[in-house]
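Protein chains in written order, with the numbering used here: chain A, 4 to 436; chain B, 5 to 237.
It is possible that part of the hints are untrue.
Claimed, not checked - Which residues of chain B face chain A? A few of them, derived with a C-beta cut under 8 Å, are:
hint, residue
1, Asp52
2, Gly55
3, Val57
4, Gln58
5, Glu107
6, Glu114
Quick caveat, the hints were computed from the structure, so don't treat them as lab data.
Quantities reported herein were computed from a predicted structural model and do not represent experimental measurements.
Note that the Cβ used here is the ideal one computed from N, Cα and C, for glycine as well.
Each chain is listed here by its residues.
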Amino acid sequence: MTETTTSRTIKVDYLARVEGEGALDLRISDGKVASAQLRIFEPPRFFEALLRGRSHAEIPDIVARICGICPVAYQMSAVHAIENAFGVTVEGQLRALRRLLYCGEWIESHALHVVMLHAPDFLGFPDAIQMARDHGDIVRSGLILKKAGNEILRLLGGREIHPVSVKPGGFHRVPTRTELRSLTAPLENARDLAAKLVRWVARLPFPEFEQDYEFVALRHPDEYPFNEGRLVSSRDIDIDIADYETEFEERHVAHSTALHSLLKRRGAYLVGPLARYTLNFDRLPATVRALAQEVGLPPVCRNPFKSIVVRALETLFACEEALRIIAVYEPPGEAAVEVVPRAGTGFGCTEAPRGICWHRYEFAADGTIERVRIVPPTSQNQPSIEADLAAVAADILDQPDDIIRHRCEQTIRNYDPCISCSTHFLKLNVHRS
Amino acid sequence: MSGSGRRRIMVVGIGNPDRADDGAGLAVASHLAGRLPNDVALIARSGDILGLVQDWIGYDALICADAAAPMGQPGQVHRLDAADGKLPPGTSLTSSHAFGLAEAIALARELQLLPPTVTVYAIEGACFNAGAPMTPEVAAAVGQVAGLIAADCRLGAGPKPKSLIDRPAGYRNIGLRGPTRKVGPMFCTGLKTGLTPRLGGADAIFVRSYDAAEVGLAKSALAGLARRGFPGR
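Turn these sequences into a full structure, and let the hints guide you.
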């Protein structure tokens, strides 16, 4: 850190408690925030190029490697896109099992972020290990919740990270009823812990801060969205996922190896828990809505710091949804429906824990991949993260650098950014002049 | 302690098999499969390290094998007692995730979920490139660590002794006194007689210390040995 009468620089070499590596440059001029740039400097991994020329059957196992936290999101968006291109529909218990797999990912990802990564920010602890001294019960709950989510992935996916059972048309193997019911008791415990977690996080001290986001999420006629739905926004967007590129575009910016996604007409938008919750509050079970009301979270939430409450509510929802699916499970006759390749283009868009994960694949007649486009949630949220940082910093410019640094890091963690997915994070430089 | 009165030991091999020397811990676990006493739990973890905190609840002793960051001596084996102290930063274990073994152990300690005895075998790596083969020095150390862990399990899996600690077969009681109290849990190989041992350069001192409460005592004894001019091995 350097400071003069006209300028000062705050530098944080790496942001902790995010997935991946990057940095932040905050430039302050004449007492105002001139720019806030989220610099993502992890090298590109070229997954889209890697997939070209390979068989459609290889996609689920390759794209799972994009992320160790949310591999299911990539697998689900991919298999839906493949099936969309080849005219296949997966229904019934196979569809339910896909939702169950997604429940597992939401539970483990949200529990990790809420308890281990995000909560310490609100209580002044540098990390969850220090927080465990004063809040051991909460940290234990987080670990138990995470384990419950992992168990779903292990049972359904074959292993808890980078599952191997997903294939176009369904699964390589489906569980027996007995196997699935072994998850019931741990999930009932997890559901109760999730409800307690919601009440606990709702009492955290939240900064008074709101943004006029344009929320974007999937919306399904009957369900809180995981795998399917139309793409809607809090303003005027209501489109088929195949039309994503008519409303959204990716731009390269010099300070990031991850492309920035923007609304063509309006710029930054927000995906993830706040958007999902606000656009789909009426699709949540009555129990979850009631708990939201009990803890004082309104159906529309524009305070990004309260995303931690929404994640806890979504964890509760995922536990309840998993229990519902397991209770009525009947093993399907076949583990997968037949998938016959044909030339065409397919689209997939599912709700990763951090927001929509959009895929487009172009196939040759034999199912060979010709072109791919993958838009992960964190790259879509980058412009909103930068807008939040500028706004948050503007309110506290008179504060010491350490305060600004901490609040900026907390602001970034509101998004649970998966920088490895988006390509990648955090170093904070504040330049004052 | 399990209901049978025997110590419950868990052995964990940790790593990423697709990143060269990062696979060392997993290779140790593979090496040990079928070679440990039946009541020793052996697991391999290549993903969620944090989940280990739940896995080792109820165990009396935890033995971990993992890769360590390069420090100039590939294949060098560091045996670390992690029950009551942080893992040394100089041997920080590698992990491609935010939570590595050191963090999992520290968290378990805060939550009082850490087994009383925690031993970490950290194998110093040289190459962690995706898809690269394990370096020969690290591959050679895998067998060595597996042998050490197997010995630990054979010695530690027996009934908990009534006295402070019992003497394993083949070892003689050194019978030294520590700075403040009599030291019991010290044995060494290569001794012809007990009570007033003279250690040579080739002698290995074995401190049997499977309870955290005994670690301080053992360290005191080692310090006493050093003061008396015995080889500090």
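Taking the hints in turn, this is what the structure says about them:
Interface restraint check for aspartate 52 of chain B: the shortest CB-CB distance to chain A comes to about 6 Å, inside 8 Å, so the restraint holds. Interface hint at glycine 55 of chain B: satisfied, since its Cβ lies 6 Å from the closest Cβ of chain A, which is below the 8 Å cut-off. A least Cβ separation of about 6 Å between valine 57 of chain B and chain A falls short of the 8 Å threshold, and the interface hint therefore holds. Satisfaction of the interface hint for glutamine 58 of chain B is found here, the shortest Cβ-Cβ separation to chain A being roughly 5 Å, below the 8 Å cut-off.
A distance limit of 8 Å between C-beta atoms decides the matter here; for glutamate 107 of chain B the minimum to chain A is near 6 Å, and the interface restraint holds. A hinted interface residue such as glutamate 114 of chain B counts as satisfied when its beta carbon comes closer than 8 Å to some beta carbon of chain A; here the least separation is about 4 Å, so the hint holds.
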